[in-house]
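Start from chain Z and add chain G according to the hints.
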Amino acid sequence: DAMVIQNPRYQVTQFGKPVTLSCSQTLNHNVMYWYQQKSSQAPKLLFHYYDKDFNNEADTPDNFQSRRPNTSFCFLDIRSPGLGDAAMYLCATSLRGWGTDEKLFFGSGTQLSVL
Amino acid sequence: EDKVVQSPLSLVVHEGDTVTLNCSYEVTNFRSLLWYKQEKKAPTFLFMLTSSGIEKKSGRLSSILDKKELFSILNITATQTGDSAVYLCAVEPPSYDKVIFGPGTSLSVIP
Numbered sequence: 001d002a003m004v005i006q007n008p009r010y011q012v013t014q015f016g017k018p019v020t021l022s023c024s025q026t027l028n029h030n031v032m033y034w035y036q037q038k039s040s041q042a043p044k045l046l047f048h049y050y051d052k053d054f055n056n057e058a059d060t061p062d063n064f065q066s067r068r069p070n071t072s073f074c075f076l077d078i079r080s081p082g083l084g085d086a087a088m089y090l091c092a093t094s095l096r097g098w099g100t101d102e103k104l105f106f107g108s109g110t111q112l113s114v115l
Numbered sequence: 001e002d003k004v005v006q007s008p009l010s011l012v013v014h015e016g017d018t019v020t021l022n023c024s025y026e027v028t029n030f031r032s033l034l035w036y037k038q039e040k041k042a043p044t045f046l047f048m049l050t051s052s053g054i055e056k057k058s059g060r061l062s063s064i065l066d067k068k069e070l071f072s073i074l075n076i077t078a079t080q081t082g083d084s085a086v087y088l089c090a091v092e093p094p095s096y097d098k099v100i101f102g103p104g105t106s107l108s109v110i111p
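Sequences listed follow chains Z and G, in order. Residue 105 in the numbering used here sits at position 105 of the first sequence, and the numbers go up by one each step. Residue 2 in the numbering used here sits at position 2 of the second sequence, and the numbers go up by one each step.
In isolation and in its complexed conformation, chain Z is listed as follows (with noise of 0.2 Å):
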């Protein structure tokens, strides 16, 4: 099945010591998205890639760091983590084009915790 793949779903980290979050989709879509959510709150769009245009968010922290290497892969390199970082990190596709009603797959999401 066409699907949205992140791994892995637990990741646990020091503080302040290098971490790379993976996501894979067979959708083939064009867009690909990493949010952050936090306990009771929205997720919160990091940044995206439009193919291989980077879009990052106005607030993202310097500290996330994205890398598309192809359609299929996306990682989100969190380059020095802090206790503040500890969330849920979610990897969205989607479609975008003429026709297209760009909505989102999710995949699985990774828990980050940062010791």
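You may find that some hints are simply not true.
Keeping only pairs whose Cα atoms sit at most 20 Å apart, straight-line, the calculated PhoX-like set for lysine-lysine is [unchecked claim]:
id: 1; chain 1: Z; residue 1: Lys103; chain 2: G; residue 2: Lys37
id: 2; chain 1: Z; residue 1: Lys103; chain 2: G; residue 2: Lys41
id: 3; chain 1: G; residue 1: Lys40; chain 2: G; residue 2: Lys56
id: 4; chain 1: G; residue 1: Lys67; chain 2: G; residue 2: Lys57
id: 5; chain 1: G; residue 1: Lys3; chain 2: Z; residue 2: Lys38
id: 6; chain 1: G; residue 1: Lys98; chain 2: G; residue 2: Lys56
id: 7; chain 1: G; residue 1: Lys98; chain 2: Z; residue 2: Lys38
id: 8; chain 1: G; residue 1: Lys40; chain 2: Z; residue 2: Lys44
id: 9; chain 1: Z; residue 1: Lys44; chain 2: Z; residue 2: Lys103
id: 10; chain 1: G; residue 1: Lys37; chain 2: Z; residue 2: Lys38
id: 11; chain 1: G; residue 1: Lys57; chain 2: G; residue 2: Lys3
id: 12; chain 1: G; residue 1: Lys3; chain 2: G; residue 2: Lys67
id: 13; chain 1: G; residue 1: Lys98; chain 2: Z; residue 2: Lys44
id: 14; chain 1: G; residue 1: Lys41; chain 2: Z; residue 2: Lys38
id: 15; chain 1: Z; residue 1: Lys44; chain 2: G; residue 2: Lys41
id: 16; chain 1: Z; residue 1: Lys44; chain 2: G; residue 2: Lys68
id: 17; chain 1: G; residue 1: Lys56; chain 2: G; residue 2: Lys68
id: 18; chain 1: G; residue 1: Lys56; chain 2: Z; residue 2: Lys103
id: 19; chain 1: G; residue 1: Lys37; chain 2: Z; residue 2: Lys44
id: 20; chain 1: Z; residue 1: Lys38; chain 2: G; residue 2: Lys40
id: 21; chain 1: Z; residue 1: Lys103; chain 2: G; residue 2: Lys98
id: 22; chain 1: G; residue 1: Lys56; chain 2: G; residue 2: Lys37
id: 23; chain 1: G; residue 1: Lys98; chain 2: Z; residue 2: Lys52
id: 24; chain 1: G; residue 1: Lys37; chain 2: G; residue 2: Lys57
id: 25; chain 1: G; residue 1: Lys57; chain 2: Z; residue 2: Lys103
id: 26; chain 1: G; residue 1: Lys98; chain 2: G; residue 2: Lys3
No lab work stands behind these hints: they were computed from the structure.
Structure of chain G alone, referenced to chain Z:
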């Protein structure tokens, strides 16, 4: 600033009850409003609404949009424990930049 507001933020009901979840938005010229269900994992898509007054239904769930008054409701009839989840409302502005999520309504259905 574009904003999506949901109410109530949390709700506890008994199995068999009917619930109505509310979503209001302040988004200029939006393209669509979406409802998602989030259990202890990623959100799953429920409905996309683009036109006022047209109800969308899926089993016991239904939703309708009022573009004049800038709100939508999600109804769940004959609730079951499996309906327990956070229900997220989201709005797509026309700029293709991003989807704006509300804070969600946490629904708990108790036997």
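**Request:** Measure nothing beyond the straight line between the CA atoms of Lys38/Z and Lys40/G; if it is 20 Å or shorter, mark the hint as holding.
**Result:** It holds: about 13 Å lies between the C-alpha atoms, which stays within 20 Å.
**Request:** Decide if the proposed pair is consistent with the structure: Lys98/G and Lys38/Z, CA atoms, cutoff 20 Å inclusive.
**Result:** holds (18 Å)
**Prompt:** Does Lys103/Z pair with Lys37/G here, judged by a C-alpha cut-off of 20 Å?
**Reply:** holds (14 Å)
**Message:** Would the hint linking Lys37/G and Lys57/G be met if the CA-CA limit is 20 Å?
**Reply:** holds (15 Å)
**Request:** Take a quick look at whether Lys56/G and Lys103/Z sit within 20 Å of each other, Cα to Cα.
**Result:** Status holds; Cα separation ~16 Å.
**Request:** With a cut-off of 20 Å on the C-alpha distance, tell me whether Lys67/G and Lys57/G pass.
**Result:** Holds. Lys67/G to Lys57/G sits at ~18 Å (cutoff 20 Å).
**Message:** With the threshold set at 20 Å, check whether the alpha-carbon distance from Lys57/G to Lys3/G stays at or below it.
**Reply:** Not satisfied, since the Cα-Cα distance of roughly 26 Å exceeds 20 Å.
**Message:** Next pair to validate is Lys98/G with Lys3/G; report whether the Cα-Cα distance is within 20 Å.
**Reply:** Roughly 12 Å separates the two Cα atoms, so the pair holds.
**Prompt:** Quick one, are Lys56/G and Lys68/G close enough, alpha carbons at most 20 Å?
**Reply:** The given pair, whose Cα atoms are some 18 Å apart, holds under the 20 Å limit.
**Prompt:** Within 20 Å, alpha carbon to alpha carbon, are Lys41/G and Lys38/Z?
**Reply:** holds (13 Å)
**Item:** Lys103/Z paired with Lys98/G [C-alpha distance capped at 20 Å]
**Value:** With a Cα-Cα distance of about 11 Å, the restraint between Lys103/Z and Lys98/G holds, given a limit of 20 Å.
**Message:** Hinted pair, alpha-carbon criterion (20 Å max): Lys3/G, Lys67/G. Please report holds or violated.
**Reply:** Holds. Lys3/G to Lys67/G sits at ~15 Å (cutoff 20 Å).
Consistency with the previously given hints fails for numbers 3, 6, 11 and 16, ordered from lowest to highest.
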